[in-house]
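Visitor: Next come the chains, spelled out residue by residue.
2 protein chains.
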Amino acid sequence: MASKQYVHSAPNVSAGRDRAVVDAIVESVRGIPGVRLIDCYPDADFDRTPVELIGEPEPLAKALVALAGRAYELIDMRKQKGKHPRIGAQDTIPLFPLRNIGLDEVKDLAFRIGQELWEKYGVPIYFAGVNARSEERREISFIRQGQYEGLKKLLEENQDNPALLEARAPDLGKGLLSEKSGATIVSAGERNLVAVNVILNTTDLEIAKKIAKMVRGPSGGFSTIRAVAFTPDGYEEAAVSMNMFDTDSTPLYRVVELIRSEAAYFGVSVKGVQMSGVFPTKVLLRCADHYLHLLDFQEHQLLEHNMLMLEEEM
Amino acid sequence: MASKQYVHSAPNVSAGRDRAVVDAIVESVRGIPGVRLIDCYPDADFDRTPVELIGEPEPLAKALVALAGRAYELIDMRKQKGKHPRIGAQDTIPLFPLRNIGLDEVKDLAFRIGQELWEKYGVPIYFAGVNARSEERREISFIRQGQYEGLKKLLEENQDNPALLEARAPDLGKGLLSEKSGATIVSAGERNLVAVNVILNTTDLEIAKKIAKMVRGPSGGFSTIRAVAFTPDGYEEAAVSMNMFDTDSTPLYRVVELIRSEAAYFGVSVKGVQMSGVFPTKVLLRCADHYLHLLDFQEHQLLEHNMLMLEEEM
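Those sequence lines, one after another, are chains A and B.
Those letters in the first sequence? Residues 1 to 314, per our numbering, in order.
Those letters in the second sequence? Residues 1 to 314, per our numbering, in order.
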C-alpha cells in the first residue's frame with residue numbers, strides 16, 4: 001500500500017490590517033479535500049499574513065494557486081505598506097517536504113505552481129530555494145532587494161540592460177513586475193526552522209539583548225541559531241526570540257538551559273517558552289527525553305503515531 | 001465530514017513460549033484494512049503474549065474475532081502453564097475508546113465481539129469492565145479466580161447449584177468452560193494505564209523496593225500509582241516498575257522527580273525511564289511542558305496533529 005505524501009507550505013500574503021480582506025483571501029483554501037489550513041497570523045504592523053497549510057501535493061498546489069489568485073485580486077501593491085520587506089501581493093510560497101516525499105518532487109511541484117500562477121494570472125515569478133536558477137537567488141532577501149517599489153523601478157529603468165535583467169528580473173515574466181500584484185517568490189526547501197521565544201521574568205529588554213547575543217551564532221553562540229530581543233504581544237516581559245535552524249544538532253532544551261543559566265547571572269529566571277507557528281512533535285519529545293532520559297523508546301509506542309500510520313495505509 | 005473512529009485493544013493470548021505458535025496466531029490480524037498491529041510481547045515465563053492493536057471499530061472487531069479463532073485452534077489449555085493468571089486460550093479482549101468514539105459505542109462493540117465468539121467458536125464468554133453484569137465482574141481478577149483449572153472444576157462440580165453458577169458461570173455459554181479453550185473475558189473501559197519502569201543506577205533491588213513502596217498509593221504514595229521493584233530484561237540495574245492509572249492527575253515527570261529525590265538519599269541516581277507498551281503522546285508532551293514551561297501552546301502547532309486531522313477529514 002502506498003503511503004500518502006504530505007507537503008507543508010507557509011505562504012505569505014501582503015495583507016494584515018484589513019481583517020475582511022485577510023479572511024476573504026484565506027477563505028479560498030478552506031474546504032479543499034486533501035488540504036488543511038492550520039492557521040494564519042495577520043500582522044497589522046507588517047501588513048502581512050503568514051499562512052500555514054499542509055496537504056497532499058496536488059490538492060495543496062490547487063489551494064496555493066487559489067490563495068494567490070485571491071491575493072492578486074484583493075491586494076493592490078501600490079497601496080500596501082508595512083514594516084516587513086515584500087515584493088508582491090502573494091509575496092512568497094515556500095514548500096517543504098513533510099512526509100513520504102522527497103525534496104526533488106517538491107521542487108517539481110513548486111516549479112509547476114510558479115508556471116501556473118504566471119500563465120493564469122500574469123503575475124511574474126521568482127524561484128528561490130532549490131528552485132533558484134543561481135546561487136544568489138536561493139535567498140529571498142536577495143530577490144527582495146529594493147522591495148516592490150525599488151525593484152519595480154529598477155526593472156523599468158533597465159529594460160535595455162541585459163546584465164541587470166539577468167541578475168534581477170523575474171524567472172517567469174516579461175522582465176517587469178505587475179503594477180498591482182508585484183511578483184511572487186516560489187521555492188522548495190527542507191523546513192528546518194523552529195521559531196521560539198524564551199520569555200524572561202524581566203521587562204528589561206537590555207538583558208534579553210545581551211542573552212540573545214550570547215545565544216546566536218554570529219556573535220559566538222550556537223551556529224544554528226539566530227536570535228533577537230523583543231517584547232511579545234500580550235506580554236510585558238522581554239523575550240529572547242530565536243530562529244532555530246537545526247533542532248537535531250542544537251536541541252531546544254539545550255538552548256533553554258543556556259538561557260536559564262545566563263539569565264540567572266542577571267538575577268532573572270525564565271518565565272516560559274513560547275513556540276511560534278507549527279513544528280514537528282519530535283522537537284518537544286526530544287526535550288522530554290533529555291529531562292527524563294528515555295531508554296529503549298520507540299516511536300511506535302505513541303498511539304498517535306499508529307493512528308497516522310494506519311491512515312496512511314488506507 | 002465525519003471523522004474516523006478509532007478503538008484500541010490489548011488482547012492477551014495464552015501462548016508465549018513457542019514462537020511459531022505466537023507468530024501464527026498474531027499473523028491472523030495482519031493486513032486487515034483499517035486495523036494496525038502495533039506490537040506483541042511474547043513472554044516465556046508467563047506463557048502468554050499481550051498484543052496491541054488499533055483500528056476502526058468494525059475491522060478491529062473482525063481482527064479480534066480472527067485472532068481469538070486462531071488462539072482457540074492452536075492453544076490447548078489442558079497443556080498451557082505459565083506464571084500469569086489466565087482462564088482461556090484467548091484470555092482477555094479489552095477494548096478502549098481511542099478517538100472520535102464514546103465508551104457506550106465501544107461497550108456495544110465489545111458485546112457483539114463476545115456474542116460472535118460464542119456463536120462461531122462455542123467458547124464461553126465473560127463480560128468485564130463496563131460490560132460486566134455485576135459490580136464484582138467488572139474486575140478481571142474476580143472472574144479469573146481459580147484460573148482455568150480451578151474455575152473449570154468449580155463449574156463442573158456445581159452444575160446443580162444455581163447460586164454458584166449465577167456468581168461464577170460465564171455470561172455466554174452453558175455454564176461450563178471449554179475443555180480446550182477455557183473462556184474469554186471481553187471488556188470495554190477507558191484506557192488509563194501507562195506502564196513505566198524507572199531504572200536506577202544500582203543493582204540493589206532492596207533500594208528499588210523501598211522506593212516502590214514510597215511511590216505507590218496503598219503505602220502512602222500517589223493514589224493513582226501501583227509500583228513494584230524488579231530487574232528489567234536486558235538490564236542489571238533495579239527498577240521501580242509502575243502502573244500509572246491517571247497521568248492527568250499524577251503526571252510522569254512528578255513521579256520521576258520524586259523517585260530521583262528518594263534515590264539520591266541512598267546515593268543512587270536515575271539511569272533512565274523506560275516506557276512499556278503504547279501510550280498517548282501527551283504523556284511525554286506534558287513532561288516537556290513541565291521542564292520548559294510552555295506558554296500559549298496549542299496542539300495544532302504540532303505538524304503531526306494536523307496530518308492526523310487531515311486524514312480524518314478525508
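Worth double-checking, as some hints may not be accurate.
Just so you have them, the derived chain B footprint on chain A, three or more residues with Cβ under 8 Å [said to hold, decoys possible]: (1) 36-42; (2) 81-91; (3) 115-129; (4) 297-309.
Within a straight-line C-alpha distance of at most 27 Å, the following computed BS3-like cross-link-like pairs (lysine-lysine) qualify [said to hold, decoys possible]: (5) Lys-271(B) - Lys-4(A); (6) Lys-282(A) - Lys-271(B); (7) Lys-153(A) - Lys-213(A); (8) Lys-4(B) - Lys-282(A).
Honestly, the hints are just simulated from the structure, not real lab data.
C-beta atoms are modelled at their ideal positions from N, C-alpha and C, and glycine is treated no differently.
Visitor: Each hint: holds or not?
Guide: Going through the hints against the structure:
no.: 1; hint: 36-42; verdict: holds (count 3)
no.: 2; hint: 81-91; verdict: violated (count 0)
no.: 3; hint: 115-129; verdict: violated (count 0)
no.: 4; hint: 297-309; verdict: holds (count 11)
no.: 5; hint: Lys-271(B) - Lys-4(A); verdict: violated (39 Å)
no.: 6; hint: Lys-282(A) - Lys-271(B); verdict: holds (22 Å)
no.: 7; hint: Lys-153(A) - Lys-213(A); verdict: violated (37 Å)
no.: 8; hint: Lys-4(B) - Lys-282(A); verdict: holds (25 Å)
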